[in-house]
Each structure stands twice: as structure tokens, then as C-alpha cells.
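Line by line, the protein sequences are chains A and B. When we follow the working numbering, the leftmost residue of the first sequence carries the number 1, and every step to the right adds one. When we follow the working numbering, the leftmost residue of the second sequence carries the number 1001, and every step to the right adds one.
For the record, the hints were derived by calculation from the structure and aren't laboratory data. Note that the Cβ used here is the ideal one computed from N, Cα and C, for glycine as well. Incorrect hints may have been included.
Computed list of chain A residues with no C-beta within reach of chain B, every gap over 12 Å [stated by the list, open to error]:
1. 15
2. 16
3. 139
4. 169
Chain A regions said to be covered by chain B (calculated; three or more residues, Cβ under 8 Å) [unchecked claim]:
5. 57-69
6. 82-94
Away from chain B, derived, C-beta distances all over 12 Å, residues of chain A [as the list claims (entries may be wrong)]:
7. 32
8. 113
9. 132
10. 134
11. 135
12. 138
13. 144
14. 193
15. 228
16. 229
17. 232
18. 241
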Amino acid sequence: MRIDVNAFVGAYPWRKVPATGPNDLVTAMDRLAIDTAWVTHLPSVFWRDPGEGNRFLYELAAREPRCRPVVSVHPGLLHWEEIVDEATRLGAAAVRADPTFYGIAADGGEMRALARQCGDAGIPLAMSMRFEDGRQRHPNDRAEELPPWAVRALVRSDPRVRILVTHADRAFIEEVHFGSTPSEAARIWWDICWVWGPPEDHLETLLGTIGAERFVFGTGQPLRLPENAFAKLDLLDLDTAVREAIDAGNAMKLSENRSR
Amino acid sequence: MTSPIYFSSPADLDHANEVQRTLQREHPTRIRGYVAVNPNHTTHAVAEIARGAEAGMIGVKLAASRRATDPLLDPVCDAAQRHGMPVLQHIWQHRRREFSGQEASDAPELCALAERHPEVNFLLAHIAGGGDWLHSLHAVRDVANVYVDLSGSGVDGGLLEACLAAAGAERLLWGCDLTIDTGWAKLRRLEYLLPAADLELIRWRNAARIFPAGSFPDE
């Protein structure tokens, strides 16, 4: 069993990326033995109302149940709570927000309200630290990267909110993890897509210091080569149970609905 | 080390190259060394290249001690040519400004050097090492003696396809740099993208063609 918690469909606005269609994603999943993908509609991250891409994801999930929606919520737009309710009702894997792309404070009141609503609904809140290496971004692609203090603030804003952070590197993960209480840190999951593997092996270090239970398999495909997530795990001498937990078990725990 | 990484002193380079030669002696079928030089110390650089060649080192490594367009790189490239060595140049993809701690060059600057030395092969290192790789790929497209090294931490979707479109399988070289996992990921994707013959070019045949004869024991 393998769950990719960090997959996208749709075009990226800042450069040509091959194979961004839903069928391309399913083909890649088949080729790489990925059973389930948690899917974001990439274009809508950049829209003024990112929720307008959610219907596309629900329709995709209806056709291809292996693709679970990660629906976008802009908590600065009125009635956003309805999107969270709908996501919970329709079995979305998570809701996501990209506050720096929406032009709202990543640790501000709107995002804290969203975190509380996710805690209430028992649905994970997903956020990406970045989409591309900052050194190569388009000159007009100026949204800030998600700052680590925002994750710390959001996990503190509700005692039940569970947060999935994708595309974070070792420094970011360590800053948030060790800047949180154990109970806060236990409600944050990290995908592995941006964590370096051998020989410096940030991933091996983090599995030892932070714990394998905090990490989930994520590729960032098709913006990133999904093969990389496999390679960094394959290069580690992981216990079978640990590998299975990272491949799928931890994500399944993250997606358990714990609403009141 | 007694000098900055990108502005290494002759003494530090002597030590580093000796470490490389030792590694090569200890692993004669698996490790080949580049001679690292600082073009600001011309006499030392040229002598060190000769010393390396005599010891079986197979290429010249230029990091970021002097801009690739600078005439001081010419005697280094001439020495590389005399010994049949390619020159690996560390590149900042689309350098828009100066950076502290290095005198970085970008692909158009490397290509200007390559055009001055058409008999020398150059490795653009590292296309996935950060920065706007599309800018670099536009620069190298028509410069036949510049090879693109695929290494670096970047694993962008579309990078490999863009490299193939710009340089063709005949001018791509596989490598890892600091992150083995990203190198392996690119190789896995290339296995999916390419026919076996093209894959072999990138895995080793291109390298065997541009490095000195006998560099690879099984070729």
C-alpha cells in the first residue's frame, strides 16, 4: 500500500510542466505502484478564488476513486466554512490553504479560523512550504514561502487541528518540531518530497530525531519527479514496518476523521 | 582548510588534490579525480593540472574563483587541452548579480569560454544545482563542446525533457553531486523516458568519449 499525499493536476503558471492531466497522474500512479493520491488542483492555487477548482477534484474522484481531493479554501472569502463542511461530507483527504499566494497573513486571524474549523471538522489542513526552488522562480512569482512560525501558530490555534506540511526541508521541519510542545508536534505530519536523502541524509537524521511516525510519502508530482521520493527511501535501510508506515500507514492515521 | 571554498589557496588545493589522488589509488576501478585549480594562481594551476594528469586524474574542476569569461581561464583551458582533459565549470544558473563568497559564472559566460576553446570539452555543472536552468539550456543549445551535467538537488518535472530538447542525449552526463537520491531519481526517470541506446549515452558512453582514453576501466 502506498499513498502519495502530495500530487497535483493541472497546469503550472510559471513554466511548462509535462504530464499535468488527470490521466497522466493515474498513469504515473500505475507505473510507480502508488495506490492512492491526495490531489490538489494546481491552477487554482493561483486563482483569486481557489475554491473554484474544487469541483474538478470531486469529479475526478468520482471517476477515479484512487484520487482523493485536497480541496482549496481561501479563508478570507465569505462562506468559506461551507467548503470545509463539504470537504468533510464528501470525503476529501484534506483541505489546503496557500495563504502567501492568496495575499493573506499565513499566521493571521483568517488562517487561525480555518485551522479551528478543520479541528472541529476533523479534517487535516494541508499547506505547502513552497512549490519551486526559490533560486529558479519566475521573476514575477513573488509570493513568500510559507514561514515556519505560521505552522507553529496554526497548530497552537486549536488543540485538535492536524496539519500536513508538504515541500518542507530539514531546517524548516526542525524549527517547527522543536519549537512545538510534544502534543503540538504530534499533530503535524511532514511529506518527504523536499527532504534530502544520502549522503548528507537529512531524512535519516529526521527519522531518528523527530520520529518516523511524523513522515508521510509525498512526491510533489508532476512538479517534481516522483521517483525521488522512492529513491531516498530505497537508499535507507529501513525496517519494513517503518517503510510501510511512511508509505501509507502514517497518512492513513492522518486522514482518520476525528470530528466531534 | 585555510582559505574559502570558492577561493582556495594553492596550499589547500595541493591538499585537496592529494586527497583525490589517494582516493583514486585506493579505489582504482571506481574513483577518478578532477584536478581542482584556482585560475588566479596561473602557474600553480597549470603545474597542478600536469601533476594530476601524470597521476591519472581525468579532468579539471573550476568552481567559482574567477569568472569564466576572464582571460585568466585561458591558460587553464590550454593546459586541459594539452592533457586531453575536459573542464568542469561550476555554474550558477542565470546569475543576475554578484554573490558573496564566490565569483560565479553562468551558462552564457561558460559558453563564451567554450567558444574560445573549441578543442576542449566543458561540463556545465550542475544543471539541477539551483537557479533558472531554462536560461542555461537556451545558452548551451548550439555550443557543441558544452555538456550538461544532470546532477544537483533539483528534481523538477520537465527538467530532463528540457535537457534532452536543448542538448540531446549526446551531450548529457549523469551525475549526483551532493544528493545521491536526486541523481538516482533522474536515472530512474530517464529509464522510463529513453530507449536503451540513448540511456547508455547518458549513463556512461558520453563520459567515455570526452574523458581521456582509459579513464574508465570497462569501456
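Going through the hints against the structure:
no.	hint	in the structure
1	15	violated, 7 Å
2	16	violated, 6 Å
3	139	violated, 9 Å
4	169	violated, 10 Å
5	57-69	violated (count 0)
6	82-94	violated (count 0)
7	32	violated, 9 Å
8	113	holds, 34 Å
9	132	violated, 7 Å
10	134	violated, 9 Å
11	135	violated, 4 Å
12	138	violated, 9 Å
13	144	holds, 19 Å
14	193	violated, 9 Å
15	228	violated, 4 Å
16	229	violated, 8 Å
17	232	violated, 4 Å
18	241	holds, 22 Å
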